[in-house]
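Sequence order for the protein chains is C and Z. The opening residue of the first sequence carries number 1 in our numbering; numbering runs sequentially from there. The opening residue of the second sequence carries number 1001 in our numbering; numbering runs sequentially from there.
If you are wondering where the hints come from, they were derived from the structure by calculation, not from laboratory data. Quick caveat, the model's predicted, so the values are computed rather than measured. Note that beta-carbon positions come from the ideal geometry of N, C-alpha and C, so glycine has one too. It is possible that some hints are incorrect.
Computed spacing ranges between beta-carbons, pair by pair [to be verified]:
| hint | chain 1 | residue 1 | chain 2 | residue 2 | range |
| --- | --- | --- | --- | --- | --- |
| 1 | Z | Glu1108 | C | Pro258 | 38 to 44 Å |
| 2 | C | Arg54 | Z | Val1160 | 15 to 21 Å |
| 3 | C | Arg55 | Z | Glu1173 | 28 to 34 Å |
| 4 | Z | Ala1053 | C | Arg91 | 30 to 36 Å |
| 5 | Z | Glu1108 | C | Ser85 | 34 to 40 Å |
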Amino acid sequence: MALQIKLQRGMISPIRPSLLLMGQEDSRRRRHQSRSTSPDYSHAGANQHRRPRRRLHELILLHITSPVSILRAGATCRRWRRLISNTSFLRRLPPSLRSPYVVGYYYAFLAAGRDSRGDRRRRRLRPPPRSSYSFVLPTGYDAHTMNLTDCRGGLLAFVRYHSSEASPRRRRRRRHATCSQWEVVVERTANLCHLASSLTDLTWSFFETEEGVPAGCVAMGERWVITVDVDTMELRRDGPEWNWCSRRPLPYELPWPPPIRRTCGCNKST
Amino acid sequence: MEVDKGKGEAEETRKVAEADRDTVTLKSSDGKLFEVSKEAAARLSTVLAGMIAGGSIDDNGTDLKQIGSEALENVVDYCNKHANSIPSAALISSSISFNTAPFKEPEEWERKFVDRLSHDALFDLVEAANFLGMERLLDVTCHKISEMMKGKSPDQIREVFNIKNDYTKEELEEIRQELAWAFYDD
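Could you build the full structure based on these sequences and the hints that come with them?
Laid out in structure tokens, this is it:
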């Protein structure tokens, strides 16, 4: 917190040419106290096509391609939170963002893996030491036979794991023999993606395109939940039409944040 | 007075200007002059198109008090590049109504164009594009800005965009709990 305040003080300087974003709110307030310090676009005259600044922010947020990023943006400040929880904003969101076929949500705390984000090839994702899911695993599966891998941030693959039956013919055999169960899963991830993309009737959803973003929502195109058998590397599809992981019918709407109640006197109008 | 040109196609702009004076001169807030082809200006900017049609273009430099010289230079640069690179009917028709038509991914050159800009220049350019009613440029710049949020935590987004955190501690805690799955860095 202290660091943040410091940063902001350092960054809001009089010579900063234009603050598209939140700093502007400050200068707007200053203008209200009749201390005009920056050009006021609201009196720009004959420009009827100009969007108010609020709409500019909206436009930027509408360009975000991941619901995770939108929600995170909404968590940065009240103004953006109001924007993203606005019904007109939700209406304008692409359908894919508005109501994806979501199996559920998960939260994973991944401290160790973050440093290596820059180096994708070498990245080894470890199992999240702490994670929680908003859905339950299918009946008959438990933590010993089924793991949720999340190596591509948003891609969900349930991997069934049978340690005793590991096939020596598999390419990753050596690693398989020596590494822990979770690492096997990780090692297989690239293969999972290849396999998934080879199934033409399936769409895999990557809600964050960056690798290694370990949180997000989980979606399955075509309303299937995919299970993967590590040994045979076979993909199996389960449960059409009904998201039996979360016990909800699909599509399972994204729980969008409600607008905050207190508004601290900000300008509500456009 | 100093006359600046868009970087890339300055030569061509001049040729065109000499040939049939088919340019408009724009004046930034700090008095610098920029020339841009009338055709490109009218095609890309609804505001300039309106001014050209309405005859309110000043030969000595149309005053654009709201746009600084750096942003205007980028605008002119964009116009020139656009004129030289795209048969743009498809682009324009797709971008004019963001509400109804899906956004078309930036072309390679557009990506390069916005990638080289600093944050401040980019924000200024958004404002300028907005002011001039340049829908496509607005889309491209907004797209670039939204890309800057990709994979970032709320704290990192605040830092990049200089956003003041105006939530109370309790509210932040509430948000975290409500959207636990979307946070990972705390």
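Status of each hint after checking the structure:
1. Z:Glu1108 with C:Pro258: 38 to 44 Å: Holds, since Glu1108 (chain Z) and Pro258 (chain C) (Cβ atoms, about 41 Å apart) stay within the stated range.
2. C:Arg54 with Z:Val1160: 15 to 21 Å: Holds: the Cβ-Cβ distance is about 20 Å, inside 15 to 21 Å.
3. C:Arg55 with Z:Glu1173: 28 to 34 Å: With Cβ atoms ~31 Å apart, the hint holds.
4. Z:Ala1053 with C:Arg91: 30 to 36 Å: 33 Å Cβ-Cβ, so the 30 to 36 Å window holds.
5. Z:Glu1108 with C:Ser85: 34 to 40 Å: At 36 Å between Cβs, range holds.
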